[in-house]
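Student: Given the sequences, and given the hints that come with them, work out the whole structure.
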Amino acid sequence: MLDFSRNHFDLFGLPMRYGVDPAALDAAYRALQTEVHPDRFAGANDADKRLALQASARVNEAYRALKDPVQRAQYLLSLNGVDAVGETDTQLPLDFLERQLERREEASEALADADERTLSSLRQAVLADAREIEDRLARELDGGGDYVSARPLVRELTFLAKLADDIDGMAGSLD
Amino acid sequence: MALLQISEPGEAPAPHAWKRAIGIDLGTTNSLVATVRHGLAVVLPDNEGRPLVPSIVRYGKEGVTTGYDAMAKQASDPQNTIVSVKRLMGRGLSDLDDDRRFPYRFVDAPGMVRIATRSGVKSPVEISADILRALRARAESSLGGAIDGAVVTVPAYFDDAQRQATKDAAKLAGLPILRLLNEPTAAAIAYGLDNASEGVYAVYDLGGGTFDISILRLSRGVFEVLATNGDAALGGDDFDHRVFCWLIEAAKLPPLSPSDARLLLVKAREAKENLSDHDDAIVAATLSDGSKVSVTLTRATFTEITANLVNKAMQPVKRALRDAKMAPEDVKGVVLVGGATRMPQIRRAVGAFFGQPPLTNLNPDEVVALGAAIQANKLAGNRERNDDWLLLDVIPLSLGLETMGGLTEKIVARNSTIPVSRAQEFTTYKDGQTAMAIHVVQGERERVSDCRSLARFELRGIPPMVAGAARIRVAFDVDADGLLEVSAREQTTGVQAAITVKPSYGLSDTEIARMLKESFAHAADDMQARALGEAQVEADRIVDATRTALAADGELVDAGERATIDAALADLAAKRAGDDHLALRAAVETLNRVTSEFAGRRMDRNVSRALTGKRIDALSE
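Protein chains in written order, with this note's numbering: chain A, 1 to 175; chain B, 1 to 621.
To be clear, the hints were calculated from the coordinates, so they are not data collected in a lab. Careful, some of the hints might be misleading.
[Claimed, not checked] For the chain A half of the interface with chain B, some residues (derived, Cβ under 8 Å), not all of them:
hint : residue
1    : GLY43
2    : ASN60
3    : ASP166
4    : MET170
5    : GLY172
[Claimed, not checked] Straight-line Cα separation of at most 25 Å, SDA-like style, residue types lysine to any residue; simulated pairs:
hint : chain 1 : residue 1 : chain 2 : residue 2
6    : A       : LYS67     : B       : VAL222
7    : A       : LYS162    : B       : VAL448
8    : A       : LYS162    : B       : ASP365
9    : A       : LYS49     : B       : LEU256
10   : B       : LYS410    : A       : ALA65
11   : A       : LYS49     : B       : LYS252
12   : A       : LYS49     : B       : THR564
13   : A       : LYS49     : B       : LEU556
14   : B       : LYS252    : B       : SER76
15   : B       : LYS410    : A       : ARG123
16   : A       : LYS49     : B       : SER76
17   : B       : LYS312    : A       : ALA128
18   : B       : LYS332    : A       : ASP168
19   : B       : LYS73     : B       : GLY199
20   : A       : LYS49     : B       : LYS312
21   : B       : LYS167    : B       : GLY533
22   : B       : LYS325    : A       : ARG131
23   : A       : LYS49     : B       : GLY533
24   : B       : LYS325    : A       : ASP168
25   : A       : LYS162    : B       : LYS171
26   : B       : LYS312    : A       : LEU174
27   : A       : LYS162    : B       : GLY533
Backbone N, C-alpha and C fix where the C-beta goes; we use that ideal spot for every residue, glycine too.
Tutor: Here it is in structure tokens:
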């Protein structure tokens, strides 16, 4: 059935690049799920049901990895033999770290004050920074740049995404 | 073989292949069964035309009764008349926040609470199975024969234990279960297909005992659940209970007997229902000692004493939207499901939050069963116009493992699209450690003690190594029912020490087998005839599927393979004429085996077609 050895981009018939057309990804995802989803095999034998289950889970995993800009960056680098988030060498520029730590402190204060608006604007600011990095990654990686020098950017992006999630979690605890 | 499902649209199966498929809404207060007839989903009523079956089971001296018959006896025999059993599914005694609310004689048991009744100690699974049997009987008499496939709905926020318990109940009731379907998703299917909806919708489902909120994107025939949240112990029952407590206070009543308590709960519920259409309701009852109760409850008081319940339901709504990365104004329509959404204060609160009046142009009691019937009809392989839709659902709660210090390591995040498989590597913490305890939990909290424990098992036979050298890969697989399987394997040495657990929450497989045997013994089912009938249906299906597949893609098999398949087909035809169901099953298995590679090649071809052919054009903008 599904060729499990194909990489995520191949699986969806998409070019192996950072910039992904979301509409094309969505359409390919849906087309594939339409073929392999267990709902199409409800009356099949156990072996085929199992195959459908694995294929559908694989398609979900690939979609998740390509849809999310952070995971997509990490995945693209790993396909090219570059580990962006390995535990060795986790350095980030000092000024970057300082700025984010400041934001985190501000968020903690806003949480203590139950200040939802400040949390929301902090998160928006973090996400804006993240989008800027995503645009840069698309320009550099898809413009022939090399993957090793993209590592620091991908690490910053990963850090920002985590921070945005954490701030979102803080806002969620106020609901 | 899986070939029938990938036949091209338009290749309708022969008329004899029509399947009796049903959808069941197994509710806290009421249950329903529906089917698709002439392309239209309809609820199957009883002989008196009543669509609902009250989810009540009575273990009386004269035997088991369900529905309205059981309901009539609930105040006179409360300890043997079980209502709202859904709240007990997959729950231990310690999980029930207030077990004194129930007049039953509870028996604590590992995994799931039991109830002592006149007919012996019953688990919630057995009691639910009795409700499902009544629904199955209704469907069989209405459709004129054995059911081929059933979809049973569960609250989206049900955890793994509650889902497994529901599936066990369906098995126990002798239902061939095709899928567990989330209730709000079922409602979205019924609503969305009916109205050809596109866009982001919220389904607010307040039932008798459970609350769900799901955010879905409907787009060109795809129902994609973006996020779900809820409260598996919040529903109309709780509003009844508030009124009941208010009654006791207002009428200054002394502690009540179980019968009187049940009587007043029933009256409280009637008052609640009356207040949906009237400004006040009179509660009048005569207690067992002859004393009379008569108080008036106004809508204003009712709204006031239930305000915190309404607020309690808004929290999950906010969380679901947050997880879906949506704001209230992104939601195009809010579908109300469940009888409890008839309460005006609920409609007001939902309308105010989303800034639009909720959609009420459907029957909140029936829409879940109708959606389940539509899904069952499709899964059973009955072709309809308009059935080219796809459902992508999620798991409601994160799944993880206990790590050192009683902390949770999440493996699968909540709102992951199912099916999902994810694995993570762990290692030993002591030199020479040869076993590892795996504790599977579900929930969002950091501490294991705040999450639901699903299963514990041990991986043994790890070769002795220094601490941190072993690599144990733990894999989580969640299927399309939202049910979990966990396996663990030591990787470094090639030693295959793997185990698979399927948590069954206090009901072991042998226990289920025993219950099944008992239920067969009690019902005068002719098991042999039933097994043969089922095997024949299966045989016809696979022969059909194989012939269709060979006609469409015959060039994918070579001559030798073709001869093997033809021989298996001939053997199957011979066994089909006999009455030995075991031989027939074996022949089906053989045909399955010899066609499985062919099936794989067909699937691969279809997948490539999907990406290069016309389907993708049809799906993209």
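Student: All hints are to be evaluated individually against the structure, with a verdict given for each.
Tutor: So, going through the hints one by one against the coordinates:
1. Evaluation of the GLY43 of chain A hint against chain B yields a held restraint, the C-beta minimum of about 5 Å falling below 8 Å.
2. Interface hint at ASN60 of chain A: satisfied, since its Cβ lies 5 Å from the closest Cβ of chain B, which is below the 8 Å cut-off.
3. Look at ASP166 of chain A: its Cβ only gets to about 13 Å from chain B, farther than 8 Å, so that hint breaks.
4. With a least beta-carbon distance of about 11 Å to chain B, the hint placing MET170 of chain A at the interface is violated under the 8 Å criterion.
5. The beta carbon of GLY172 of chain A comes within 5 Å of a beta carbon in chain B, closer than 8 Å, and the hint placing it at the interface holds.
6. Between LYS67 of chain A and VAL222 of chain B the CA atoms are separated by roughly 17 Å; this keeps the pair inside 25 Å, and the hint holds.
7. Only pairs whose Cα atoms come within 25 Å are accepted, and LYS162 of chain A paired with VAL448 of chain B is accepted, the gap being roughly 23 Å.
8. With a C-alpha separation of about 42 Å, the suggested pairing of LYS162 of chain A with ASP365 of chain B is violated against the 25 Å cut-off.
9. Between LYS49 of chain A and LEU256 of chain B the CA atoms are separated by roughly 54 Å; this puts the pair beyond 25 Å, and the hint is violated.
10. With a C-alpha separation of about 17 Å, the suggested pair LYS410 of chain B and ALA65 of chain A falls inside the 25 Å cut-off, and the hint holds.
11. For the given pair, LYS49 of chain A sits about 60 Å from LYS252 of chain B by alpha-carbon distance, which is inconsistent with the 25 Å threshold.
12. The suggested pairing of LYS49 of chain A with THR564 of chain B holds, with an alpha-carbon distance near 23 Å, which does not exceed 25 Å.
13. Of the supplied pair hints, the one linking LYS49 of chain A and LEU556 of chain B holds, its CA atoms being roughly 21 Å apart against a limit of 25 Å.
14. About 23 Å separates the Cα atoms of LYS252 of chain B and SER76 of chain B, which keeps this hinted pair within 25 Å; it holds.
15. A C-alpha spacing of about 24 Å is found between LYS410 of chain B and ARG123 of chain A, which places the hinted pair at or below 25 Å, so the restraint holds.
16. Pair hint LYS49 of chain A plus SER76 of chain B does not hold up; C-alpha atoms about 49 Å apart against a cutoff of 25 Å.
17. A hinted pair counts as satisfied when its Cα atoms are at most 25 Å apart, and LYS312 of chain B with ALA128 of chain A does not qualify at roughly 34 Å.
18. For the given pair, LYS332 of chain B sits about 24 Å from ASP168 of chain A by alpha-carbon distance, which is consistent with the 25 Å threshold.
19. Simply put, LYS73 of chain B and GLY199 of chain B have alpha-carbon atoms about 47 Å apart, too far for the 25 Å limit, and the pair is violated.
20. Straight-line distance between C-alpha atoms of LYS49 of chain A and LYS312 of chain B comes to about 40 Å, which puts the hinted pair past the 25 Å bound.
21. A hinted pair counts as satisfied when its Cα atoms are at most 25 Å apart, and LYS167 of chain B with GLY533 of chain B qualifies at roughly 23 Å.
22. For the suggested pair LYS325 of chain B and ARG131 of chain A, the alpha carbons sit about 16 Å apart, so the restraint of at most 25 Å is met.
23. A threshold of 25 Å between alpha carbons decides the hint, and for LYS49 of chain A with GLY533 of chain B the separation of about 22 Å falls inside it, so the pair holds.
24. The straight-line distance between the Cα atoms of LYS325 of chain B and ASP168 of chain A is roughly 10 Å, inside the 25 Å bound, and the hint therefore holds.
25. A hinted pair counts as satisfied when its Cα atoms are at most 25 Å apart, and LYS162 of chain A with LYS171 of chain B does not qualify at roughly 44 Å.
26. For the hint linking LYS312 of chain B to LEU174 of chain A, the alpha-carbon distance of about 14 Å falls within 25 Å, and the restraint holds.
27. With a C-alpha separation of about 57 Å, the suggested pair LYS162 of chain A and GLY533 of chain B falls outside the 25 Å cut-off, and the hint is violated.
The structure is inconsistent with the numbered hints 3, 4, 8, 9, 11, 16, 17, 19, 20, 25 and 27, although it conforms to all the rest.
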